[in-house]
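Chemist: Here the structure of chain A is known, so what remains is to put chain B in place on it, guided by the hints.
Going down the list, the protein sequences come from chains A and B.
One point on numbering: in my numbering, the residue at position 52 of the first sequence is 52, and numbering is uninterrupted.
One point on numbering: in my numbering, the residue at position 156 of the second sequence is 275, and numbering is uninterrupted.
One should not assume that every hint holds.
Not the full set, but computed from the structure, chain A residues with beta-carbon under 10 angstroms of chain B [claimed, not checked]:
#1 R35
#2 R55
#3 A90
These aren't lab readings, by the way, just hints derived from the structure by calculation.
Built from N, CA and C at the ideal position, the CB exists for glycine as well.
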Amino acid sequence: MEDRNESWNGLLLDDDLAPPAANGEVVFDAPWQGRVFAMARLMSEQGHYSWDEFRAHLIAEIGQWDRSGAAADPDSDYRYYDHFLAAFLALLEEKDLLDGTKLVERYEAFAARPHGHDH
Amino acid sequence: MSEHSPQAIRAEALESLLIDQGLLSESDVDETLTLFNDRVGPLNGARVVAKAWCDPEFRAALLEDGTAAIEPFDFQGGEVQKLVVVANSADVHNVVVCTLCSCYPWALLGLPPAWYKDPAYRSRIVREPRRVLEEFGLTVPESREIRVWDSSAEVRYLVLPERPAGTGDLDEEALAALVPREAMIGVAVL
Chain A
1 MEDRNESWNG
11 LLLDDDLAPP
21 AANGEVVFDA
31 PWQGRVFAMA
41 RLMSEQGHYS
51 WDEFRAHLIA
61 EIGQWDRSGA
71 AADPDSDYRY
81 YDHFLAAFLA
91 LLEEKDLLDG
101 TKLVERYEAF
111 AARPHGHDH
Chain B
120 MSEHSPQAIR
130 AEALESLLID
140 QGLLSESDVD
150 ETLTLFNDRV
160 GPLNGARVVA
170 KAWCDPEFRA
180 ALLEDGTAAI
190 EPFDFQGGEV
200 QKLVVVANSA
210 DVHNVVVCTL
220 CSCYPWALLG
230 LPPAWYKDPA
240 YRSRIVREPR
250 RVLEEFGLTV
260 PESREIRVWD
270 SSAEVRYLVL
280 PERPAGTGDL
290 DEEALAALVP
300 REAMIGVAVL
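In isolation and in its complexed conformation, chain A is listed as follows (with noise of 0.2 angstroms):
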């Protein structure tokens, strides 16, 4: 899947040892992680909530996952996207900026479509 299977010891591959060539790399698994990354940033950098706060929510999240039981078993799936959309909704939930409802509502309208709608 993600995160977890990727593990350290992958760096002993050649091509995760390689010098930067350039900057830029695919640091994520999928496009929706780089999107919700991209719009926690800049809500950040446009003044709606400061990046320590995102943190907070951030650690509140991966620290509930961490005394889980769930981090005591190495076959269990970290998802460090979910925890990271998980804390970008609830911020923005309590900054006011996002109706939980709405979401709920567009999710569903948007799970309904069939596959395919937008390629």
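Modeler: For chain B alone, kept in the frame of chain A given last:
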């Protein structure tokens, strides 16, 4: 992963709502992504390391106040408001972690690799650094102290690796091309 996964649809619904509310535009999001994809990454950190190897005054300034020293580079990406650069030596090997989440000096290294964010790295590198580094393929001599730096709310760390032997005739650009991201986190050496 399919972009029809629930998380992908949730992210898309969120972006569309925020756009409707006038808080974002699609092009703003595209632009931020392009910045992080194309212009923010470990080559910036590598250039700083190479300059520190070549210029003793810069090295001293970098170790004294990392944020001020890198200002002339005008790197974008942020997360270096309080940059602390720690130098490896014959006596000390430095390694960086963020135990609570994923704090990382974006302007110098880009966004962190998956393993840096993984719960196993975050917890184990503090408890048993020597062993974890060995799993990375790095054996630190017993005589060398390992210092683990935990990124806190404000401070971001960059490891200044030792310059490899036999590179006396290389210029900064050639030296920068030798420095892997992992060496600047401290899980590898050159």
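Chemist: Compare the structure with each hint and give your call.
Modeler: Taking the hints in turn, this is what the structure says about them:
Because the beta carbon of R35/A sits about 6 angstroms from the nearest beta carbon in chain B, less than 10 angstroms, this interface hint is met. Given the 10 angstroms rule on beta carbons, the hint for R55/A holds: about 6 angstroms separates it from the nearest Cβ of chain B. The closest approach between the C-beta of A90/A and any C-beta of chain B is roughly 12 angstroms, which is over the 10 angstroms cut-off, so the hint fails.
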